[in-house]
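**Student:** Each chain, written out:
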Amino acid sequence: MVQSLYEKLYHPSVPASSRVVERFDGDVLDDRWNIHLQSGTSFDVDMLTGVDNGVEATINGEDLGQLDFNIRLHYSNTASVCIWVSKRVSTTTTQAWNGFHSNQALNSLQCAFFRNSTAETFIDLLTGDAGGVTAGNTSIPVDAVYHRYEVELRSSNCSARMEGILEVTNTANLPTVGQNPVFMVDNLGISGARTAQATYCEAYNT
Amino acid sequence: MVFTNVYEMITPPHVIKKSWFVDYFDGLQAKLYWNFTNIIGSGSSIIETGIDAGLRIQTGATDDNESGINFSDIRHYSQTGCVPHIVSDRDTGTRSRGGFSENVDMTNSFAFVENDPDDTFYQIVSDDGTTETTTDTSIVDDILVHRHKLELTSANIQLTMDGILESTKTTNRPDQPQQPFYAVKARAAGSHVGHIRYYEAYNT
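Residue numbers (our numbering), protein chains in the order written: chain A, 1 to 206; chain B, 1001 to 1204.
These are computed hints drawn from the structure, not numbers from a lab.
Every residue gets a Cβ at the ideal spot worked out from N, C-alpha and C, and that includes glycine.
Hints are supplied without guarantee of correctness; some may be wrong.
[Claimed, not checked] Quick list of the computed label-pair ranges, beta carbon to beta carbon:
1) B:ALA1155 - A:VAL28: 37 to 45 angstroms
2) B:ALA1188 - A:THR49: 52 to 60 angstroms
3) A:GLY131 - B:THR1153: 51 to 59 angstroms
4) B:THR1168 - A:SER13: 34 to 42 angstroms
Could you build the full structure based on these sequences and the hints that come with them?
**Tutor:** Pasting the structure below:
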């Protein structure tokens, strides 16, 4: 009987790669996360009570806040996966990002993440290298409900799945540096409190 | 096979699960359940950036300085029935020891896999609280990343590296409950470094 998670996830001859599994459980946010206020008045991160609730992130004022690893870039830009279960809560002038990023700026450079924005028609995949960005639409209209988001970075493309179904593959402007998981909420420059929630994040190198 | 719970991935439902933990050394900082100890000198630890980097432990700047992580003498693991899985590496001037120890400074019983530039081969090193002895593997010491699995039973200690059973040790095995442990020791002047990116332990 296999008794270790190791032997369930890896061949015994393979040294395990980096992995994070976060369920956003308990009383306070795990201290693996960096709470980053890019600008604005405040960025509030609270654990929610209620069945299947996780963490809620609220940006106040104008601009964005994000959860990340403070640029501990453990995940390969050519061989990694990031899964989030999350939703945008606010329904006006809000965008929520989840996936991989390598910096803390309001840009889409050196990244691979989903964007669920009230300014768009469909949820889309953004990939960025040092100089440009490619956006690829999924078939899912933007909404304010939970989804399972999965981005997979490979050397030649980035695929995006929602609820396990391949929605879009970007082949241009793929990130060229290592990544860390990111969960971001932005108010699109319109002052006010904007909120997004997440219940799960898993990232690993393939 | 699809599991709806982690429990049944690794433990049958009729079995009461014993102590178990997994750490990938991910995120912003080491988990609070780890205690950092300077055994000799003044070292440091930090979650390092870089793909698969994990936790970096650095010794103080003098030969024989040694630092490591442990559970601050919270000993959940049985000396006669436990396993650690460790993925780690070290630099050229470092001795690394990963496994279990009774105390934070290795002054009593323990069981480690040791990778020491002052030796020739990877070894099992264990102490019964009185006497420390070693048993070689056939793997030459190196600075590569390896997966190490130690299994402590009532009869012996077995070391599996990268999936291959390398060595069995029957002498001077720990006689008291153990805690997870990983430490690096400078084998030359200057600060030296080891990395650990996975630690899993459980009682069998």
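**Student:** Each of the hints needs a verdict: does it hold here or not?
**Tutor:** Hint-by-hint comparison with the structure:
1. B:ALA1155 - A:VAL28: 37 to 45 angstroms: holds, 44 angstroms
2. B:ALA1188 - A:THR49: 52 to 60 angstroms: holds, 54 angstroms
3. A:GLY131 - B:THR1153: 51 to 59 angstroms: holds, 57 angstroms
4. B:THR1168 - A:SER13: 34 to 42 angstroms: Once the Cβ atoms are compared, 19 angstroms apart, the range 34 to 42 angstroms for SER13 (chain A) and THR1168 (chain B) is violated.
Hint check: a violation occurs at hint 4 only; the rest are consistent with the structure.
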